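Each protein sequence line maps, in turn, to chains A and B. Counting in the numbering used here, the first sequence runs from 1 upward without gaps. Counting in the numbering used here, the second sequence runs from 1001 upward without gaps.
No wet-lab data here; the hints were simulated from the structure. Any given hint could be a false lead.
To be verified - Just so you have them, the derived chain A footprint on chain B, three or more residues with Cβ under 8 Å:
hint : region
1    : 1022–1029
2    : 1132–1140
3    : 1152–1163
4    : 1214–1223
Claimed, not checked - Which residues of chain A face chain B? A partial, calculated answer using Cβ under 8 Å:
hint : residue
5    : T135
6    : L198
7    : T199
8    : G217
9    : T227
10   : A238
11   : H241
Because the structure is a prediction, the values reported are computed rather than measured. Note that the Cβ used here is the ideal one computed from N, Cα and C, for glycine as well.
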Amino acid sequence: MSTIVQPPELAWIWFGVALYGLAATFAVLAAARSAPGAPTRHAGVGRAVPSLLAAALICIGAGIGWRWQRIGHGPFLNMFEVLASSLFSLGLIFGFAYWRVPAIRRTAAVVLPVLMVMAGWLLVSNPADTHLPPTYETPVLWFHVLLGKAFLGCALVALGIAGVILLRARPRLAARFARMPGDVALDLLAWRFMLGALTFESFMLIAGAVWAQDAWGRYWAWDPLETWAFLTWLALAAAVHVRVSWHIGPRIGALFIVGVFVLAFLTFFGVPFFASAPHKGAV
Amino acid sequence: MTRALASFASARVMLAGFALLAAGTFVAHDDPAAPVSLIVVPLSLLALNLGAALATNHRLRRGGLGVFHVALLALMIVAAVGRLCRFEGRVELTQGQSLGEVAVEVTTRGPLHIDGLSAVAFVQGPFSVDYAPGVRRARTRSEVGVVDGDGGVTTRTVGDDMPLVLGGYRFYTTHNKGLAPIVTWLPDRGTPQTGSLHMPSYPLFEWKQDNRFTPPGGPEVRVFLRIDKPLDELAAWRLDPQTTPTALVVHAEGRRSELVPGESVRLTAGTLRFERSTGWMGYRIFFDPTLPWLFVLATVAATGLAWHLWRRVAAGPSRTARVPMGEFPA
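Let's have the full structure, built from the sequences with the hints guiding it.
Laid out in structure tokens, this is it:
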């Protein structure tokens, strides 16, 4: 009878996922119990969120580090590695925004459940060891990957703000986020993060083109990941221009942000499932 | 005139361009045979729209936003020039062969491309490819001899992320490579001729290492290259055509002969000798004189965007509500 040997770092990553789950639950509970006039005895639930998030990041970071040391390369290849590294980097970026921009802390009730979707997917992904192709042994890959994480991280923070704007539009939920700044102020903040996402995505595409030129002898070939990354860039640029040109309201703007984030998310994690070109992403 | 320019510079035209470009990209990706105009027309429309917008809207010419838009317009123009001057091709070189001796398969040639490839010269040297367990390709090292200005030959090693760049043409090693036994045909009358037999890509077609040829004045010969060290898919190994133990199985005139390097077989009009085993490497050729400019302009554009964002962040309050640090608002 054969036994399946699990990589030793899995325990760290799964414990980190459990802490993520706890942080997400506490964030949602804190939002649910925060209606004006609600008793303040549940305030501790909300205060635990940053600590839980930090602990989750430490555990996942330790797991990734262990795996890296064991197999000799970073988490760039299969879906397990890409999800684990994204869970770490997106959590880190959101954590940084949470610390530096107190106005968005309540968006944890939107952002952390989104991250939990990725965490759930991570649990069912194959953690098998991967082989690093020689074309990945270049410092340009680092720039490309880190810029991609920064792009999706900015879009995620904007998604959290957009989510709050849309949730507040429902009378039953309006009170849950009443202590946050008004929609106009949140809208301004969200689009700054979207502009940051546009900047990082632009740099990501440039670094990707430099890498592709050296790795495959062409800087752009419309492979599935390139095509969808370009469509995401186009959608983001179009959304920014629509907002500036027609002064759309916060709710319409929030819908645009959700749409762009969905496109970006599908590009990062969906395209690898039907791509067969060399630049096929994670699968 | 100004009014027409202003109307063409409108955000509606820009959005229409975005939508057309997105649709064109989608269709072109789905159908590689789709006309290139699906991309070119929307991009031209967007370039004209951006040009008109820059001419009529002074805000687009200022600060980081100005840098971004001007660099973006220049990028589109330079990319178009690059497409017109571009050359792409493929070539397979056997060890000892020079680029000028073989036909290059052209895959893309822009209408404004001026041939400079005929002036490029290098000779293929030995190569090796490392494989990880599971026949997963790792490091490729291909040695080439390049004639320098003094008439001497400089050996360079290329492979993976390291192309050979000569006269602006970039040569990339590919997964397409294989074995090439060297044989000499010694006719009963006439001059001996030595050449290589180009076997199918290895290890991709490991099961099909055969070829056929007809030596001058001789019978048709069918050859099969037997590799005496079977491929172990579970182990790491190195493909080195020069040291790969092989035997050349020759089928001619109803007879079958197995030759190791140095052995010969007598046929009707001459003798066929198996000299040694070498390899051939497939290269991808890429030429685009605008490549450095594309990089510079794209970087300048993205930096302009970053500058614009930074100024906005620095100018306005980012913390639209003050909450004590480290505390979740209850």
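Legend entry - Outcome, coverage hint (the region 1022–1029 of chain B, chain A; C-beta under 8 Å; three residues): Three-residue rule met by the region 1022–1029 of chain B, so holds; n is 5.
Legend entry - Status of the L198(A) interface restraint (C-beta, 8 Å, chain B): holds (7 Å)
Legend entry - Hint check: 8 Å Cβ-Cβ cutoff, T227(A) to chain B: Constraint on T227(A) satisfied, holds at 4 Å.
Legend entry - Coverage of the region 1132–1140 of chain B by chain A (three or more Cβ within 8 Å): holds (count 7)
Inset, instruction - Return the status of the interface hint for T135(A): holds when the least beta-carbon distance to chain B is below 8 Å, violated otherwise. - result: Nearest chain B Cβ about 6 Å off; hint holds.
Inset, instruction - Take the region 1214–1223 of chain B, compare each residue's beta carbon with every beta carbon of chain A, and decide whether three or more fall closer than 8 Å. - result: violated (count 0)
Legend entry - Cut-off 8 Å, beta-carbon criterion: hint that H241(A) touches chain B: holds (6 Å)
Inset, instruction - Return the status of the interface hint for T199(A): holds when the least beta-carbon distance to chain B is below 8 Å, violated otherwise. - result: Hint holds; T199(A) Cβ to chain B Cβ min 5 Å, cut 8 Å.
Inset, instruction - Under 8 Å, Cβ to Cβ, is where G217(A) needs to be relative to chain B, so tell me if that hint holds or is violated. - result: holds (4 Å)
Legend entry - Restraint satisfaction for A238(A) [CB to CB of chain B, less than 8 Å]: holds (5 Å)
Inset, instruction - State whether the coverage of the region 1152–1163 of chain B by chain A holds or is violated, taking the criterion as 3 or more residues with Cβ-Cβ distances under 8 Å. - result: Coverage by chain A holds here, the residue count being 5 at a Cβ distance below 8 Å.
Hint violations for this structure: number 4 only, all remaining hints satisfied.
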